[in-house]
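Q: Sequence:
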Amino acid sequence: KVIVYLPIKQNSQRVPRKNFRLFGEEPLYKHTLLKYTYENVFVDTDSEEIYLGIKNDKRLANVTVFYRDESLTGDKTSVCSLLENFILRFNIEEPVVQIHVTSPFLLKETIKEAYDVLGDYDSVVSCNIHQTRFWRKEEYGMCPINHNPLKLEQTQDLPVYYRENSYFYMFRPEVLDTDNRIGKSPLMFKVEWPYNMDIDTEEDWNKLISL
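For what it's worth, my numbering labels the leading residue of the sequence shown as 2, then goes sequentially.
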């Protein structure tokens, strides 16, 4: 019932050709796509290499791949703009889950769990949960964020902080009216290491291939 959406670029700024690097026996982008051979999958790309790679692979016959509008190409285009264009282009009315090919440990079961709890929420956001002492650096020095250093508390009594980890964003199409993938009533969905791994740096890639 959920639409799987993946934006995939030809060029990667911090990790050259990361979408095409071999993970096992497959390029990283195919490794991810091959998990969803029975789903409604859409790939938005500016890459002829990816477009043809999907079109010419019979294993990916379920994937609808399309070229990104030229006005939306470039590193500064927001994912929300891409999603808005996608939803209008294909008249999408079902919930959408936006994932990344750079999260190779994403499980279909995780997506199903998130969909099953979507319920009364307008969006589900993958996150890390932290309940510890946080500080920030200011011009005058270090400043406590969520605790009083003069009154020591147990960490389990501190406020809980939720950090988006970009593992996935699931939302109803109307949420994008606010130009955001997160609605007014989101559910923060805990996903832990290594399942929340997203490749942003060479260090991330090295960690990935060492697992």
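Fair warning: there could be bad hints in the mix.
Cross-link-like lysine-lysine pairs, in silico, DSBU-like; alpha carbons within 30 Å at most [unchecked claim]:
#  : residue 1 : residue 2
1  : K152      : K10
2  : K152      : K113
3  : K36       : K152
4  : K2        : K138
5  : K56       : K138
6  : K138      : K36
7  : K113      : K2
8  : K36       : K10
9  : K2        : K56
10 : K152      : K77
11 : K152      : K56
12 : K185      : K208
13 : K10       : K208
14 : K152      : K109
15 : K138      : K59
16 : K77       : K191
17 : K152      : K59
18 : K36       : K113
19 : K59       : K113
20 : K77       : K59
21 : K208      : K2
22 : K77       : K208
23 : K208      : K152
24 : K138      : K10
The calculated label-pair distances, taken between Cβ atoms and stated as ranges, are [unchecked claim]:
#  : residue 1 : residue 2 : range
25 : N207      : D70       : 17 to 25 Å
26 : N63       : N149      : 18 to 26 Å
27 : N57       : Y141      : 18 to 26 Å
28 : D58       : R134      : 25 to 33 Å
29 : E193      : G120      : 42 to 50 Å
30 : K113      : N57       : 27 to 35 Å
31 : A62       : R18       : 39 to 47 Å
These are calculated hints, taken from the structure and not from any lab test. Here the structure is a predicted model, which means the values were calculated and not measured. All residues carry an ideal CB built from backbone N, CA and C; glycine is no exception.
Q: Hint by hint, say whether it matches the structure.
A: Tested hints:
no. : hint                       : result
1   : K152 with K10              : violated (49 Å)
2   : K152 with K113             : violated (43 Å)
3   : K36 with K152              : violated (50 Å)
4   : K2 with K138               : violated (45 Å)
5   : K56 with K138              : violated (50 Å)
6   : K138 with K36              : violated (42 Å)
7   : K113 with K2               : holds (10 Å)
8   : K36 with K10               : holds (20 Å)
9   : K2 with K56                : holds (24 Å)
10  : K152 with K77              : violated (44 Å)
11  : K152 with K56              : violated (62 Å)
12  : K185 with K208             : violated (35 Å)
13  : K10 with K208              : holds (22 Å)
14  : K152 with K109             : violated (44 Å)
15  : K138 with K59              : violated (53 Å)
16  : K77 with K191              : holds (29 Å)
17  : K152 with K59              : violated (63 Å)
18  : K36 with K113              : holds (13 Å)
19  : K59 with K113              : holds (25 Å)
20  : K77 with K59               : violated (33 Å)
21  : K208 with K2               : violated (34 Å)
22  : K77 with K208              : holds (27 Å)
23  : K208 with K152             : violated (39 Å)
24  : K138 with K10              : violated (35 Å)
25  : N207 with D70: 17 to 25 Å  : violated (35 Å)
26  : N63 with N149: 18 to 26 Å  : violated (55 Å)
27  : N57 with Y141: 18 to 26 Å  : violated (60 Å)
28  : D58 with R134: 25 to 33 Å  : violated (49 Å)
29  : E193 with G120: 42 to 50 Å : violated (23 Å)
30  : K113 with N57: 27 to 35 Å  : holds (30 Å)
31  : A62 with R18: 39 to 47 Å   : violated (25 Å)
Hint compliance for this structure: hints 1, 2, 3, 4, 5, 6, 10, 11, 12, 14, 15, 17, 20, 21, 23, 24, 25, 26, 27, 28, 29, 31 are broken, all remaining hints hold.
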